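Chain order of the listed sequences is A and B.
Once you know that position 21 of the first sequence is 61 in my numbering, the rest is easy, because the numbers rise by one and skip nothing.
Once you know that position 30 of the second sequence is 213 in my numbering, the rest is easy, because the numbers rise by one and skip nothing.
None of the hints are false.
Quick list of the computed label-pair ranges, beta carbon to beta carbon:
| # | chain 1 | residue 1 | chain 2 | residue 2 | range |
| --- | --- | --- | --- | --- | --- |
| 1 | A | G158 | B | P225 | 18 to 26 Å |
| 2 | B | R247 | A | V262 | 51 to 59 Å |
| 3 | B | A321 | A | S60 | 23 to 31 Å |
| 4 | B | E253 | A | G158 | 23 to 31 Å |
| 5 | B | R247 | A | S323 | 49 to 57 Å |
| 6 | A | L225 | B | D277 | 23 to 31 Å |
| 7 | B | A367 | A | A221 | 53 to 61 Å |
| 8 | B | R247 | A | L191 | 47 to 55 Å |
Read the hints as simulated data drawn from the structure, not as lab findings.
Please read these numbers as outputs of a predicted model, since none were measured by experiment.
In this text, a Cβ means the ideal position worked out from N, Cα and C, and glycines have one as well.
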Amino acid sequence: MPILEQGYEPYRGPVRTGGSRALSIAVNALRRNRRWWVIALLLLSWLFGSVKEYFMVFVCYAPSAFFRQAPGGDAAWLTALANHPNFYSDMMATQTFWAIVMGALVGAGEIAEDLRTGALVFYLGRPVTRLDYVLGKALAVSVPVVLVTVLPVAVLFAAQALFEGTWTWFGDHARVLPAAAAYGLLLSFFVSGFVLGVSAVARRRRWATVSIVAVLLSLGLVAAVLAPSREWTSHREQREARDRILDAKTPEERKAAYQRLSDAVDPLGSPSARAEWRALSPSASLAAAGRDLFGRPVPSNFPGIRHWILVLGAAAGLFGVLWRRVRAVEIVA
Amino acid sequence: MTAGEEAPVLEVRGLSRWYGPVIALNAVNFAVRPGITALVGPNGAGKSTLLQVLTGEIRPSQGRALVLGEDPWNNPALARRVGNCPQQDALYEDMDAPSFVAYLMRLRGFGAAAARSRAEAALAAAGLDPAAWGRRVAGYSKGMRQRVRIAQAVAHSPEVLFLDEPLTGLDPVGRREMRNLLRALAEGGTSILVSSHVLHEVEGTTDRILLLHRARLLAEGTVSEIRSLLDRHPHSIEVACDRPREMAAHLMAGAGVESVAVPEEGLLVARTRTPQETYAHIVRLAAEGGYAVTRLSSPDDNLEAVFRYLVHG
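Chain B extracted, bound-state conformation (with noise of 0.2 Å):
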């Protein structure tokens, strides 16, 4: 760490958890600093079972986990300061929202009246329609039931924020206001550690990626270095213009791309392995031979793309 870097909020070092023959996370090293940190993964990539460590729900089979510099395994003085929202549609349905957070609360140690009042704040924070309060949790819809889980876990003002799969079940009003709220909490000095399967829900979230993948870290890092990982391997170029076999030949002819084919009438798909270069070789090429360019895009500019590239090898 150099001088004025902050100090991690989480560091993980040689972390493995396995259940019998199954490995769940295999030897994981990372360093989370504040902020927002996405943990992206297809499902049985190992998330949960990272957040459940972290938590301290959870004992590593090998290895550390540190959260504020401290082993949360078997550490309440921690947990108080941890919160977490679980993946699990857990709720207990034949309780109201309010009381159902203001238990959670009081099991943090918060008199009567001091979690009532919080989980109300928390559940206003986290949108929850107040006209919904009274009425029992098993009639609330998915995206309601989400925003009970993330108000028991901000209810208590945490310092690092868990959250397993947030956004599931919200609209996109919900999911908005969902990243709104992440990014309020961030900014009021909450640390957050969020996971998702889909991409794009955190990408508008957050720069700092974690990629797991079969129970190791693929990448780590902001979308751009993450992205860069990408110029050292064919990137996809469309190119939609009114002779692609043309440009196919000369493009061909330019250093750096590997591959070009013509899927449909109008369309040219180029495969290259200097992408900044083909961009203009393009470029130059449609001003001096007069092509129609309509549209020109890269399938692989989006985190989606790498991280499909990455899990697909």
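Bound-form chain A, shown alone (with noise of 0.2 Å):
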């Protein structure tokens, strides 16, 4: 027996820090859960986020700034998609349903399972802490938040910069790496507190993965009903706030009914009575806060920072029961 002749001594040799518990564990479960249709997903959400900003900006965008010369210069398709200030963070925006889908994926079990089958005691019976449990598992669910996120706009911003490459490209882009860099960690925080927390909840995979698309699907639901995007609303909003703009006696009422038609061109926007039910959607409070960060205006239907408290709020809560979830198994019999 090759222990016996170790002599069982105890093992004194260097011991790494809390930190690299929490890495420890999240390694192994993306470890477990690199799967070909994961690693496919993956792949399909770059191309599609990719191709849908490409296709945005070729196809609306580009062609109205060759023909008008866009600002910034010799036009051409080149500068319209590298000048383009919603570039990036449109595409950051259209990732956040991929990368919710992905960290699902991932994270929906890892808690789930590991509270079923009772293997939280081969955590809680070691040198871990909660917090290394809890930080592993979280940054499990982050990696592919951020590998869906920015990631690509890394890597489409660099290879634009390769293009572009002026100082004065960069002074006008300081902000993209930044934001998107803070998005994508805002992003890991909702997605990771929000599938954890669910998944703590649930017990069991399937049943996290259903209560995960569940909550996401009513919410949103909820938010469209009380408060309709633009695109249920537009022609008719959009008419009367023309007529508004029209009709404005005072430069207020008129700033006013600029707001109004802005709000109901933009997806984000819902010109109804009830548009501040649109912060309800996690999606839409998600590019909210994208759009604070990325520094683009955000509609008037979300005042104040009730898209913030959503998204934190909501993941910070989710966390606290996560936080009270990760114990021993007490069994009773």
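Two independent chains are provided; combine them into the complex using the hints.
Structure representation (structure tokens):
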């Protein structure tokens, strides 16, 4: 028996810090989720996000930029692509969907299965703290989130920088990478808190996945019913807004009418009477928070910080639930 | 503690643990010295809760538990010196055994290479066939899974080892191998607390017993010490002989015998408070009365009977 030959000396070798234990947990969780369809979905998300935004740029923005000679100069499609102010934040907003999907795929079963099978005892019976465990699992969910959001943005930014590469261009786009990183962090916090919190309550991977989808869909549905987006109301609302601009008698009225028109043509905007309910949709609130980070204006139906409260508050609350649930498996027959 | 006596490895004083209205441990007191000690009790006795407190997984509601002189709760330094084989069959099904054990070693602070080599050594020691190492745990039999659980508990050479029902699921050969492994570990200096609800499983492994029932410690000591508890209470003796009714009459005349029964032809069961004297009386009767005694035994003469007696009153 080889182990007997070791003499059963207590281990006195180097012991790593808590951070690396969390890293071990994250690496193991990611290894276990390294399945072909997860990788295929990751590639698809890159393709989808990039193609959609390029499509928007080439089909919607570039021709007009080409013909109008967009500000900044020598026009051409590349300039339009590189200089369009909404390109990166729109791309991040598109990737939010994929971030939630990938986070749910990796994280839905992480806590649920450990709780159901009692595998938690393998962690808590070791020099692993509850913080190590939660941090490790959150890190495992955050990696795919960052991979589908920050990575493609960084790659495209680098590619465009190669073409543009002037100090002026860098100056104009100085905010992109920090904003993308900040949004990636925010998204990681939200998705890991949401997915792992639900996973800790559901106790089974399948139920966790169903619950995540159900919560997102129901919140989105409620928000869509109470505060429909422009696709449902735009024509009538836009007409009304334009009429109000024409009818405005004071600068304040005109400003309000312009804002109403702006909201009516913004995918996040809702000109309905209950427009504030739009913030109830997690994806809309995340997109609004993303715009704050990228320095873009947020529609007036997201007044104050309610979208931040929803995004950070929901995630923090679910992390709290997770923290409570991650305890020893207490069996009393 | 007298001079020369070894310091207790585990010390539990007034330990209670409750979950709402349910009391899982009720004012338990004991001290365990180095070697192998068995924690015995029926299902629901509180064994697993006690082990969870000792491994630092849960906090006592009242009282104190010390492992190697330290409080196990929230004590990562102590957790490095302790091994734990839980009852839950909670292995990661999609991993192979060496990867699983190596992963848990990584959580203990081992480097990648050391974790892998220790994992393989522990799996070999636990008797898991190397031919199965490349397969996923999901395809393992119950016995193989049990070996993986034990391997992860011993791979870091702990000073104290807690095993919750370690022999469950093992075949007779596996049980013998596991007992040998436990004895080898104990000889190597590891103190072991092994729980079981089946007495004969641990009877051959250790002499020291802690009897737990309904959250209370019923008895503590060696097998013989616990067995001596019986001497204060009626003890059954079975005699297979040719004239049981006649022998019964003679036995009733003797001191200490409380009752005699003849449950079937050729068999006599006597209940006595002085078993040694009654044994001597039967031998004397057989010699003097010419009884053909073919068997003389006591169903109470094993740990199972002690346990049954103490548990059922």
